[in-house]
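Engineer: Given only the sequences and the hints, what does the whole structure look like? Please build it.
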Amino acid sequence: MTASAAQAELYPFQAQYSMYYKDVKFGHCERSLRRLNNFEYKLTSTASVLLGSGSYENNSWFKLQNGLLTAQRYQHETTVIGFSSVSSGIFDAQGDIVMDYDDNQVKLKLQSHVMDIGAMTILLQNDLKLGKQAFNYQWVFEDKVEAIEFEYLTEESINTIFGDMQAVKLKQVTKKNRISYFWFIPKLDYQLAKIEIYKKGKRWGYLKLSDLSFQ
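In this note's numbering, the protein residues as written are 1428 to 1642.
Calculated from the structure, these hints are not laboratory results. Hints are not guaranteed to be accurate.
Beta-carbon label-pair distances, calculated as ranges [unchecked claim]: (1) Glu1504 x Arg1630: 22 to 32 Å; (2) Trp1631 x Arg1500: 17 to 27 Å; (3) Asp1530 x Thr1471: 41 to 51 Å; (4) Lys1629 x Asn1464: 39 to 49 Å; (5) Asp1519 x Phe1589: 40 to 50 Å.
No farther apart than 30 Å at their CA atoms in a straight line, the calculated lysine-lysine pairs in the DSBU-like style are these [what the hints assert, rightly or not]: (6) Lys1469 x Lys1534; (7) Lys1603 x Lys1490; (8) Lys1490 x Lys1614; (9) Lys1452 x Lys1635; (10) Lys1603 x Lys1635.
C-beta atoms are modelled at their ideal positions from N, C-alpha and C, and glycine is treated no differently.
Structural biologist: The following block contains the structure:
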């Protein structure tokens, strides 16, 4: 699928994060973007928790050319205590997708702007660069398409590994009693700096940036 992008220029990066359950560190994750050629990129996101008892890896290939971001394919695997779930998908020339989920193949005819999770996160960063304050996306997950929405809240100063920096704060309501907050840093190419997850009004867990470098 193809969607408008804020800029034709992307900056390859490697970002590392520490994950906490309440105030106890229980894992880490990493996002890295590589340029494959002039227009094609690969975004890899990984996470590992509880001494390796759970892991997550998502690879997303997409193209950014003439201001348009086009999702090409993705691979996703989640493992929890010996149980593994694997999915992948290839977008065809019409933007439809052939998906494999746990050895079952599904072909979906997609509406405009449907992407995989990796390409969608890059599009979100670009929409932030455009100054947008409403963020509505559709993305493929396992063997279906889901909607995701972020709400712009404010800009505020937060403490980061680089000191105090101005951040854009977004809100996402995923379930009735679960709310997530996201902070993105404009001066760091709108990289994600922090996530906080609340359940029934109490902070359940959070993620914060521990290292960042641009390639």
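Engineer: So, for every hint listed, does it hold in this structure?
Structural biologist: Against the structure, the hints:
1. Glu1504 x Arg1630: 22 to 32 Å: This hint holds: roughly 29 Å between Cβ atoms.
2. Trp1631 x Arg1500: 17 to 27 Å: violated (33 Å)
3. Asp1530 x Thr1471: 41 to 51 Å: Distance hint for aspartate 1530, threonine 1471 is violated at roughly 23 Å.
4. Lys1629 x Asn1464: 39 to 49 Å: holds (47 Å)
5. Asp1519 x Phe1589: 40 to 50 Å: Roughly 42 Å apart at Cβ, these two residues keep to the hinted range, so it holds.
6. Lys1469 x Lys1534: holds (23 Å)
7. Lys1603 x Lys1490: violated (36 Å)
8. Lys1490 x Lys1614: holds (24 Å)
9. Lys1452 x Lys1635: Judged against 30 Å, a Cα distance of about 11 Å means the pair holds.
10. Lys1603 x Lys1635: holds (24 Å)
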